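Visitor: For the sequence shown, the working numbering gives the first residue as 7, with consecutive numbering after it.
In case anyone wonders, no lab produced these hints; they're calculated from the structure. Keep in mind that this is a model prediction, so the values were computed, not measured. By construction, the Cβ of each residue, glycine as well, lies at the ideal position given by its N, Cα and C atoms. One thing to keep in mind: the hints can contain errors.
[Stated by the list, open to error] DSS-like, lysine-lysine: derived pairs with alpha carbons at most 27 Å apart:
hint, residue 1, residue 2
1, K244, K49
2, K373, K361
3, K139, K160
4, K294, K361
5, K320, K49
6, K294, K49
[Stated by the list, open to error] Label-pair restraints from in silico Cβ distances:
hint, residue 1, residue 2, range
7, R323, A381, 42 to 48 Å
8, E292, V259, 53 to 59 Å
9, D363, Q236, 33 to 39 Å
10, E254, V63, 34 to 40 Å
11, G241, L382, 44 to 50 Å
12, N369, N62, 40 to 46 Å
13, P260, P343, 56 to 62 Å
14, L382, L204, 30 to 36 Å
15, E352, P82, 23 to 29 Å
16, G241, R391, 33 to 39 Å
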Amino acid sequence: MTVNKKTELQKLLKKLEGGGAGGGSSMETGNDREERSACCNIKLRWIQIVYRLLVNVDALNMVESVGNVTRRRTVPVIVPRAPGQYVVRWVPAVSGESLAHRYQMEIVELAKTKYTECSSRIDYWSEQGELLKHWDLGFYQKQCQQAEQGKAPKPRGWECDLANRYAGRREGFSLSDLQDIEKRIVDNSLVEDIGGFLVTQGPTRRTSCIRFSYLIPTLDAIEATQLDHQMHVRGALKAQSLRLPGYEEAIQVPYYVQVGSVLYGGNIELDLCCVGSYSIAGGCVEDKECTLTLRRCVALDALRPLLEGDFGAKRSRYRPHNVTELVIAVLSDRPVPLPPATLPLENLVEELKRKLDDYKKLNVDVKLVAYVTAALGSNYAERLRQLIGRLPGVEITNTIPDLIGRIRDNVGLQCTAR
């Protein structure tokens, strides 16, 4: 390897260690910060959310089938009993990957239906609902070749160009090569711009602009959390009675689905200035159709189904009975480490208030927007409003779309769709 190539790769590694597209790293240079700030005129760039969802009878995140039993995802949670005293509980959970998949599918839907200026910025496999994210350009090259012979569906033209240029190489990538790969993908794939990607050629990585925690039970409701197995039988008495010659399989098959009822808590972080900014190449997207502003509007609007509980698996027969109890959105010019949404409600509000007070003393600019449900009764809603009202300057809304709209107004996004 030549000295020049070594120097280029050392610079790249240093930049990647600094957090990719996430920004704000201690490894970030002054030039990096200037390039990123030049792309972003949003002062309150960080959208950080804590939310609580009451979900009854759900099978939102299933992980395996053992025989005729379908198991739900569960995780171990440490529950404090007293200082120095803890117990472990295995509880239902929804993975961050499951939430991220629903979020990225909403990006596709918004680009196709609402922000149609961005409809041409959806890559082939994301539109099919499969987030391959250009993982191996060799796969795309083979698909493009077979598409020419009519044996496979054809990806976008830019995807074939990218694959033909880099798929055959496993080493010898220069910094400019990695910058070119990132730029081509970010320019043309809105899903990968916002949700990140990892291409094996190079390798070339872009960190996601959005982060999701697992959804797990809140500590004040963990004892009320339940798992159960529901038995089902395909009823086919007449068909079973025929006993067709040569057909030995049972027609009436019992099976069991594990379900849970949980008050979930979760955290979300979105860096709006990351969207449309290059993490390797520096600078930002120059797109006259799917502009920087529209890309950031999509990133924000795609949060709605997650906050309303519209996500997860097995919804055709296990559509959950869900209510969004509470959402608190913290908008800031620098990231503020929010407390986990799983804290007992009163502790959550007090800890959040303390942290925000401390960070304001460090000259962090902060605004608060919250949603409180009215679905659980007026007394319940009033108590929640009084509790959330302890947070200074908080705006309280009545619907999730209104919450998204107020966030949009506070950060100064003008989201005008066709």
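Visitor: Sort out which numbered hints this structure fails and list those numbers smallest first.
Guide: When the structure is compared with the hints, numbers 1, 4, 5, 7, 9, 11, 13, 14, 16 turn out to be violated.
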